[in-house]
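Visitor: Heads up: the sequence lines are chains W and U, in that order.
Just so we're aligned, residue 1 is where the first sequence starts under my numbering, counting upward by one.
Just so we're aligned, residue 1 is where the second sequence starts under my numbering, counting upward by one.
Note that these hints are calculated values from the structure, not bench results.
Just so you know, same-sequence chains aren't split out, so a pair can sit in one copy or run between any two.
EDC-like cross-link-like pairs, simulated, lysine to aspartate or glutamate; straight-line CA separation at most 20 Å: (1) LYS309 <-> GLU427; (2) LYS298 <-> GLU398; (3) LYS66 <-> ASP321; (4) LYS199 <-> ASP286.
Protein chains: 2
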Amino acid sequence: MPLNLKNFINSQASKSKMNDFQDLDHLEGVSMSTICANLYDKPRDDLVMFYFRDGANYASVYTQSKIVSENIKWNQNVKKKKIKSLLINTRNANAFTGPDGYKGLKEIAEEISIELSKKQIEDEDHPKKILVDEIIFGCTGTIGEKYPTEKIKNCIPEIVNKIKYIQNKYLWMKAALGMMTTDLKPKLAMEECEIANKKIKIYGIAKGSGMIFPNMATTLGYVFTDADLSNDILNKLLKKNIETTFNAITCDGDTSTNDMVTIFSTGKANNIEIKSVNDKNIQNFDEALHSVLLNLAKRIVVDGEGATKLVTINVLKSKTDEDAKKIAFSIANSPLVKTAISGCDPNWGRIIMAIGKAGIDIEINKLSIKLGSLKVVEKGQLSKTYIESDAEVYMREEKKIDIDIELNLGKKNFTVYTMDLTKEYIEINSDYRS
Amino acid sequence: MPLNLKNFINSQASKSKMNDFQDLDHLEGVSMSTICANLYDKPRDDLVMFYFRDGANYASVYTQSKIVSENIKWNQNVKKKKIKSLLINTRNANAFTGPDGYKGLKEIAEEISIELSKKQIEDEDHPKKILVDEIIFGCTGTIGEKYPTEKIKNCIPEIVNKIKYIQNKYLWMKAALGMMTTDLKPKLAMEECEIANKKIKIYGIAKGSGMIFPNMATTLGYVFTDADLSNDILNKLLKKNIETTFNAITCDGDTSTNDMVTIFSTGKANNIEIKSVNDKNIQNFDEALHSVLLNLAKRIVVDGEGATKLVTINVLKSKTDEDAKKIAFSIANSPLVKTAISGCDPNWGRIIMAIGKAGIDIEINKLSIKLGSLKVVEKGQLSKTYIESDAEVYMREEKKIDIDIELNLGKKNFTVYTMDLTKEYIEINSDYRS
Chain W
1 MPLNLKNFIN SQASKSKMND FQDLDHLEGV SMSTICANLY DKPRDDLVMF
51 YFRDGANYAS VYTQSKIVSE NIKWNQNVKK KKIKSLLINT RNANAFTGPD
101 GYKGLKEIAE EISIELSKKQ IEDEDHPKKI LVDEIIFGCT GTIGEKYPTE
151 KIKNCIPEIV NKIKYIQNKY LWMKAALGMM TTDLKPKLAM EECEIANKKI
201 KIYGIAKGSG MIFPNMATTL GYVFTDADLS NDILNKLLKK NIETTFNAIT
251 CDGDTSTNDM VTIFSTGKAN NIEIKSVNDK NIQNFDEALH SVLLNLAKRI
301 VVDGEGATKL VTINVLKSKT DEDAKKIAFS IANSPLVKTA ISGCDPNWGR
351 IIMAIGKAGI DIEINKLSIK LGSLKVVEKG QLSKTYIESD AEVYMREEKK
401 IDIDIELNLG KKNFTVYTMD LTKEYIEINS DYRS
Chain U
1 MPLNLKNFIN SQASKSKMND FQDLDHLEGV SMSTICANLY DKPRDDLVMF
51 YFRDGANYAS VYTQSKIVSE NIKWNQNVKK KKIKSLLINT RNANAFTGPD
101 GYKGLKEIAE EISIELSKKQ IEDEDHPKKI LVDEIIFGCT GTIGEKYPTE
151 KIKNCIPEIV NKIKYIQNKY LWMKAALGMM TTDLKPKLAM EECEIANKKI
201 KIYGIAKGSG MIFPNMATTL GYVFTDADLS NDILNKLLKK NIETTFNAIT
251 CDGDTSTNDM VTIFSTGKAN NIEIKSVNDK NIQNFDEALH SVLLNLAKRI
301 VVDGEGATKL VTINVLKSKT DEDAKKIAFS IANSPLVKTA ISGCDPNWGR
351 IIMAIGKAGI DIEINKLSIK LGSLKVVEKG QLSKTYIESD AEVYMREEKK
401 IDIDIELNLG KKNFTVYTMD LTKEYIEINS DYRS
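Only chain W is shown next, with the shape it has when bound in the complex:
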């Protein structure tokens, strides 16, 4: 890596108050390494391996796209209850690569199985063989291009050899950097919590909406914890929390063939057994997991291509969750709303338009809209206290724009996070080849 990691971390932390991940350190049961497999023309780490010596329970959510990449298909075929390794590559999405792409993963998994098994045997405590279906893959990058099976396979001995059993913040940062495509910043988040008086760590890394040529807006998120939780509990917690975090963000409304969020639990914290997500002992963990996922999701939005503002859209007092979500996404995905925000224009007419086109029955005379703390619309009328110049100042001076829509039809709320739509977005996405 050409980057001086210590300097980089320190500069990031001071610049963006991202110091919450300065404390990522060793997470018992998780090992990792990164390597440059020359998947790009320029040298950079492009292959990241996670290794769980004693296996990890896990749960995943995948893209809702009807066209999925070969690695997503592979992962969905893995039936083992514990995972031993996750391999992430950038530059090639292994999507639309057909049987060849899938076969490539199989060959690489076999190589990983051989090399990791050797490593386990060296270690007298862990003589077990690693099986191919204890390995899952994350891929991001170009779609439709031949998957570089040989290049990756040839790097497996070295990446396995580089694995260290004790982790620190620099290794976590290298992993986050190693899975970036054109993300401007690595994305890390952490929380600590307790399960029945046992201290628990939750660490997460993600990559966001950066694109590489032919390109996708792939989202990858990986969360690691030393909690001891079953696959069933992990699955329920992930599914519940993903709805209000990764599934509540939108950059351009587009969805990738490769989107994937996985949580791994190594069980090293030796907490009491949790049999139900309703168990009070899991509440603290549940909230901390939400916080890690939301933190990563927001980092993805603010690092969205050309973004200058983080926009939070709260739809309040809706009849149903689904209605609130539809209205919130209709606003968040409206190019007219998003360009108004980039132009610092308190263009509430466009917000009204986006509410209307969501297709949800509303009652105009109950509708209220706020920009930050400024009341714009009250009970379907332009607020008597609304002064447009105040709203302009708010739009221009704040980096975080809050839009609150109160429907007053029920008790359900939904929040969506998005960014503004700028000329830089168009430049990045149209001028890539020029």
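Once you've looked at the hints, dock chain U against the given chain W.
Guide: For chain U alone, coordinates are given in the frame of chain W:
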């Protein structure tokens, strides 16, 4: 009008081969006039009146938005079978204006009723009084701003006085210009056809995606014919043809509170009675109406803000119409596809992504994609004849880009028309106030 209309029409016709509307002339039973009501700061015609001396049968389709403007509500309350007048204003959408906005329309309708009744009485053949519910309205412009009832009302005597009973192409052009907001070009189209050997004219005008501040992407389309057709037949023909024309275009996926397309038939052609849309005698008219609507719809797309290319997306051999439509709109509304087109990048990976996210079950190994006549994907594989540089030349040199998606799952097709997404779109929509 500061514009010299004759020069304008001639320059438009020679530049853009839009000479198909050069022949718009008198349409028996339709009268019109335009006026500057000073709704804008700059002088320009902003009020357009159509007057049907003997009434016109009619049918309308309105916005699907859950928030509709006051004029749409007014029009929906009009129960008369024949319409005597249509008044169109720009600059103010009369949306989110509440009971005041509706009351304003009532006052204006009363004034029109008085003035047009006077005009009818002058004419011995037409002594009938014009009723308020024989009048409908088209509004476009700012939403949430007080409707300029007085300004418009005060102009009614003059606009009625200016009505001429014989029309020519300049009057049609003035009407098309008078309803523009920030459209760059007026939009007119015409066809001639026959109903059982009677010659029939179909003329249409429209305004498109131009915006004015706080702003909407309102679409207004008005079609006029001298055919004698019942409201029921007009309604069926309009609903059928709107699906593949105005409802098959997208500029930014946003929908206005004010969208409206209306067809008026004066009956002056004295054709035989048509009792069913399945009557063979209406087939020729049906096709001509489709052509006029499609012509107007395409003009709206190519005049879309910042557009440099007209993109036609054909989804072929789908199981159902609905599936084909969802996939076509998913591609047409994808900012990633639209920016790739503005960048002349044959980025078929983004097309795959947009197909996948449409949520329709497809079979990859049956999927084919073409860019113009170039085969890109065949049966789920990158075509062996595909040469990317050829595709780049196609994307760069053609102003009209065709994307064909063949699903090979059935017999249904759907075509959607859109434009590319350019930096100019962002400029127009974000920098308006600066």
